[in-house]
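The listed protein sequences derive, respectively, from chains A and B. With the numbering used here, letter number 24 in the first sequence gets 24, and the count goes up by one each step, no holes. With the numbering used here, letter number 105 in the second sequence gets 105, and the count goes up by one each step, no holes.
A hint or two may mislead.
What the hints assert, rightly or not - Far from chain B, some chain A residues (derived; all Cβ distances over 12 Å):
no. : residue
1   : GLU35
2   : LEU135
3   : ASP200
Unchecked claim - From the structure, some residues in chain B lie toward chain A, with a derived Cβ separation under 8 Å:
no. : residue
4   : PRO3
5   : PHE93
6   : ILE104
7   : ALA108
8   : GLY226
9   : TRP239
10  : ALA251
11  : MET253
Simulated from the structure, these hints should not be mistaken for lab results. Glycine residues also receive a C-beta, built at the ideal position from the N, C-alpha and C atoms.
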Amino acid sequence: MTSLARTFSMRTILMLVYAFLYIPIAVLVVLSFNEGGLPTAWSGFSLKWYISLAGNAAILSAALNTLIVALVSTAIATLLGTLLAIGVEMRRHYGKGLEALIFAPMIIPDIVLAIALLSFFSMINLTMGLHTIILAHVVFNLAFVCSVVRARLKSFDWSIVEASADLGASAITTFRRITLPVILPAVIAGALLAFTLSVDEFIIAFFTAGAGRASTTLPMQIYAMIRFGITPEINALATIVMAVSIAALTLSQRLNRGVIGQ
Amino acid sequence: MAPALVWLTALMVVPCALVLALAFFRRGIYGGIDYTFTLENFGLVFDPLYAGIFLKSARIAGTATLIAVVIGYAAAYATAAAPRRWQPIFLFFAVLPFWSNYLIRTYAWIVLLNREGLVTQLLRWFGYTGEPPSMLYTEGAVIAGLVYNYLPFVILACYAPLSRLNPELAEASRDLGASAMTTFRRVILPLTVPGIAAGAVFVFVLSIGNFVTPALLGGGRFQMIGNLVYDQFLTANDWPFGAALAMALIAIMLLVLMAQALAADRAAGRAAEVKADG
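Full structure from sequences and hints, please.
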């Protein structure tokens, strides 16, 4: 193959793959602005589906629930995950069991963790609601925060922490003045990642939300709407949710270039 | 680090151990749990009815994995062949959709494939006048949804070894008279097996236990293992059997991960061979 033909075929492959990845999403976004709302015909640009979303009480309360769950679980997970990362990296020699324990929440199938938590909560007679979703989300969120912060700490020179202690700084001062500034970008990136994962998480929330509509989160609401059928409102909601999570992730990547991709 | 470890133990290790224990008990008469030891639940997993669902899940996950690996490898190869400064940008846009909501990405396929969806509209536009084809609520739709959702990860996994490939190896192979195809098959492909294996395992493991995609794109009666587990816990109320199914799922997952580790080991051996030969 000549190099020109080769370049051409490589470009074609990339274009086809991008078309496959982006056309389905683009269709949703375009339809969300379609006056008629149906994929059959374009009847003019309109924001009416966004306006109708703003008046939908069920969606608004689900969005509020999602925000509460995501903020609280991210805050707890960021604190615990960061401390765990520092603890593990400082020791350096740690057992395989510990490594597996930290890695497990990231690979265990959602459905398994979901039924395990449902069984556990009902066994100890804990009434389920937003608080149980938060407890559950912290499990996988703290593992992700921990792995992002650990990646940053791999290149950290621990001798400066010792130097700081030798020079008379307290453990808290050393953390505040030395360790924290170094890991801060990773901590923020980890928090943004956790926030996005929590906002998007459906299965575990679905199983640990308990009965009743009071603790319905946004993905649960979206799932119910999708099962009910295609409504133009979902297109508008989908566009907003996608914009928010992509913005958060792009910000996270910028703050912590390279770490998440690994 | 203690609080984090307590959290993981209390809310992951203990609940998972509980599910494992549940699998050895009997279902109570009114849907509760009867605490007498039994192996019945594991026997039931091998009942032709349920074993059939396992096989079907494995077939669907396997097909989705194969398609995702072929497309993903081609995309990763094309990305790695692009000018260096463009590669991070190409990669970023390949992975970006992965960060949007899973339900929404799946829903997009309902919009495309339903009877009056975009695909039908396109066919009409090209002059098709017959009945709209039924594409949604089929096994094909489920496979398409799985490939679509997990493709970005395969691209990422395959790109890593492809971008680290020493171009001199391929050149040497060509100089020694090997065709482009032979060079790819004997030099490039073996060196990138770890990436392929990582991507394939990811797609397979997430697909075989998937519950959302079959529920949304396969229709109400379409069942994979994930849906079966869901039913035992939320509708059939047979938690011990649901727990046994979940444990079988974990067992399959561990087997696949072990196979991957083995493949990666062998590939490392082969890579050393190629280097020694060169």
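Hints versus structure:
1. Listed as a non-interface residue, GLU35 of chain A keeps its Cβ farther than 12 Å from every Cβ of chain B; the least gap is roughly 17 Å.
2. Consistency note on LEU135 of chain A: stated as away from chain B, yet its beta-carbon is not over 12 Å from all of that chain's, at 6 Å minimum.
3. Under the 12 Å C-beta cut-off, the non-interface status given to ASP200 of chain A relative to chain B is violated; the minimum distance is some 5 Å.
4. Below 8 Å, beta-carbon pairs count as interface contacts, and PRO3 of chain B has one with chain A at about 5 Å; its hint therefore holds.
5. Interface restraint check: PHE93 of chain B against chain A, minimum CB-CB distance 7 Å, threshold 8 Å, status holds.
6. The criterion of a C-beta within 8 Å of any C-beta in chain A is met by ILE104 of chain B, whose closest approach is roughly 4 Å, and the hint holds.
7. For ALA108 of chain B, the interface hint holds, the least distance from its beta-carbon to any beta-carbon of chain A being 4 Å, beneath 8 Å.
8. The restraint placing GLY226 of chain B at the interface with chain A holds, with a minimum CB-CB distance near 5 Å, inside the 8 Å limit.
9. At its closest, the beta carbon of TRP239 of chain B sits 6 Å from a beta carbon of chain A; the interface hint therefore holds under the 8 Å criterion.
10. A distance limit of 8 Å between C-beta atoms decides the matter here; for ALA251 of chain B the minimum to chain A is near 11 Å, and the interface restraint is violated.
11. Annotation: interface hint on MET253 of chain B holds; nearest CB of chain A at approximately 7 Å, less than 8 Å.
Checked against the numbered hints above, the structure violates hints 2, 3 and 10; every other hint is satisfied.
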